[in-house]
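*Asks:* Listed below are the residues making up each chain.
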Amino acid sequence: MKNSHEHYYVPSQSAWPIVATFALFFLAFGGGILINYGSPLLLTAGVGLMAYIFYGWFSKVIEESHDGLYSVQMDNSFRLGMAWFIFSEVMFFAAFFGALFYVRTLAMPWLNGEGDHAMTHELLWPNFIGEWPLLNTPATSSSVPSGLPDPFHLPLINTILLVISSVTLTIAHHALKENDREKTIRWMAITLVLGVAFLIVQGIEYYEAYAHLGLTLESGIYGSTFFMLTGFHGVHVTLGSIILLVILMRLLKGHFSADKHFGFEASAWYWHFVDVVWLGLFIFVYIV
Amino acid sequence: MTSAVDHHHGPATGMTRWLFTTNHKDIGSMYLIFSLLMFFIGGSMALIIRMELVEPGLQVVQPEFFNQMTTMHGLIMVFGAVMPAFVGLANWMVPLMIGAPDMALPRLNNFSFWLLPFAFFMLLSTLVMDGGAPDFGWTFYAPLSTTYAPPSVTFFIFAIHLAGVSSILGAINVIVTIMNMRAPSMSYMKMPLFVWTWLITAFLLVAVMPVLAGTVTMMLTDIHFGTSFFDAGGGGDPVLFQHLFWFFGHPEVYIMILPAFGIISQIVPTFSRKPLFGYASMVYATSSIALLSFTVWAHHMFTVGIPLVGELFFMYATMLISVPTGVKVFNWVATMFRGSMTFETPMLFAIAFIVLFTIGGFSGLMLAISPADFQYHDTYFVVAHFHYVLVPGAVFSIMAAAYYWMPKWTGNMYDEYLGKCHFWCSFVGLNLTFFPMHFVGLAGMPRRIPDYSIQFADFNLVSSLGGFLFGFSQLIFVLVVVKCVKGGKKAEAVVWEGAEGLEWQVPSPAPYHTFETPPEVK
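So the protein sequences, as listed, match chains A and B.
Each residue of the first sequence is one higher than the one before, counting from 6 in this note's numbering.
Each residue of the second sequence is one higher than the one before, counting from 16 in this note's numbering.
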């Protein structure tokens, strides 16, 4: 342990962080400009710059790792950093799950006049009969859905896809630990295909919701929680798939060894996290 | 000790040193300077507020602009001044205190800092946009911040996102540094309390900043994409906004005070020349406060219409927090008891912290009593309460820390005479400003209103005079800093006679790189 302390690599000056702040600023300010004034220029510049930075900054880190600059202690810093990052992501989803639970268990019953809220019901929307899933909102909504996605159709397929992908990813990890590169690549590719398949199925589901069921973001609180939870999850699956793709490409280039492959493990942690979030979604958004 | 210093490479020259730096000391300094700048910008807004409130009636600004000032003052002080100042102190001191060569993730550290100027440029730019800056209060309750918000709210939301990313990444860096970079044999229970309190603070940050990000995202979609999170007409609930906001907001309050507790726990033993009384109980008290902070949020919402069981639960949970806080105050006093005390500027700020923060704590206890809160809610009593915990609390602790460690940072002693002037002017100024607010608040003066009833005139005049005294005294601090950076009596390695800890084992000023090989810890 003491030995690992003696070579903690502190990188010298780097231009990547400040360029990354420009990219994120372009994304944020450009997002504001797009929404308020309709011009996508700055946002597009931000996306491009961000992609360039991800490529450049991570390449630099990989290069440093290959040059043997990273000690065991450094590896541990990366592990802890990734773990706490995932924890922060969990809390981000917690906000949306919290909103879902709040409206289901408190807000809707109160609008129905339960507890001591009889006057809330009388004075606001006396004709409102709330039951979950809430299709008819208290005030007339522009789009009342004619139905909801069947949880045991596309969502169940997606659940199966994601759960299997977690298993295949674990098989790939074990293969990597056994130094069986070909097997690793094969199972990694299968995982990636499953992830992309998930995204395609979710695309179909969204299309059906909008085109056939009339369930949109504007369908009251059900549509809000449904699309924001599944949407942010979908964004995370997309990001996770890109990460898996990068890892696959690195595997093809011959990166990673049986005992040193934190990049691989970090992507696996992230993928499992996305998987677990989906299970929560499947239960609380679709089934219950 | 000899191995602690490295002479091989110093800082780069020119602007790139600051733009591209990965050095925790450079980044710490930038955080501190940035927060001082924001302190003055937010402070000027406070002075505009106090100028308007010198006498009843409208004389200086329009009510719309007054609302923008209260909103921006709060946002800038919380997210731009206090939080970055603590992060700056963590950057400078945590690696020095645990014997680490730098922060664990140095490039990420640079990224976290440089996001802030962009975030606040964006926030401040709303002042010149059509419809003006955000005017819905720093708590941005829906529907004021959604249905009735100015168009600039979009930029406010993204500015919060940027500041939030900065906070989360900065906090992750602090956690990883403390967990992974401690010198061998520095166990958790040997860590200085400033490090402990920052570890817990960083945990709170990682836990609640994402919730804030989610909340402003819901605002964004409610405003622009037709969702109904905070709209009862769509089945949502404006009260949901308050729950989400305060689930973030209450831990946020402790994010702004726990590092202060740590600083005071470093300074009081030094100038009492005694070890801290009850180290372990301090650690447990800090942890308890942090955990309890997740269970008290609705005490900000007693009057909004929550079920009786909620009123009771949140009232008792809130009162429970006074137990660990009382432990802390007791320990600080017990540390001073029979110590060989001296009263240099850091100690003056620290003692004022203990006394005045306790006043703020007691008014908090009054506000915690749910039935009584129906009277206090949204009055100046609340303003008095949270300014007593934030100004002589958070801000005084930051000042204390700056005086305490400035000789280590610059290698020069600060001007003790000017430091004491700064302290006494600030002390008198803030009490003049905020103490009368208790009285006008209890008498029913509502907060966030540019005009007031004639019977509040005298106390408001006193508050305004005190506000200007406090505001302009901060210029003395700038003078002290500039003088100290430029020169002065050379500081020794152990700046203060009773100081203990690794940060005093390196020379003053601390060399650009320290502890490249870890020190031995007793």
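Derived from the structure by calculation, the hints contain no laboratory data.
Each hint should be verified, as a subset may be incorrect.
Computed beta-carbon distance windows for the label pairs [unchecked claim]:
(1) A:Phe289 x B:Pro322: 46 to 56 Å
(2) B:Asp393 x A:Glu136: 33 to 43 Å
(3) B:Thr162 x A:Phe27: 48 to 58 Å
Stretches of chain B that chain A covers, calculated by requiring three or more beta carbons in the stretch to come under 8 Å of a beta carbon on chain A [stated by the list, open to error]:
(4) 52-65
(5) 193-199
(6) 249-257
(7) 266-273
(8) 487-496
Using N, Cα and C, we set each Cβ at its ideal position, and we do this for glycine too.
*Asks:* Any hints this thing doesn't respect? Which numbers, in order?
*Replies:* 1, 3, 4, 7 and 8
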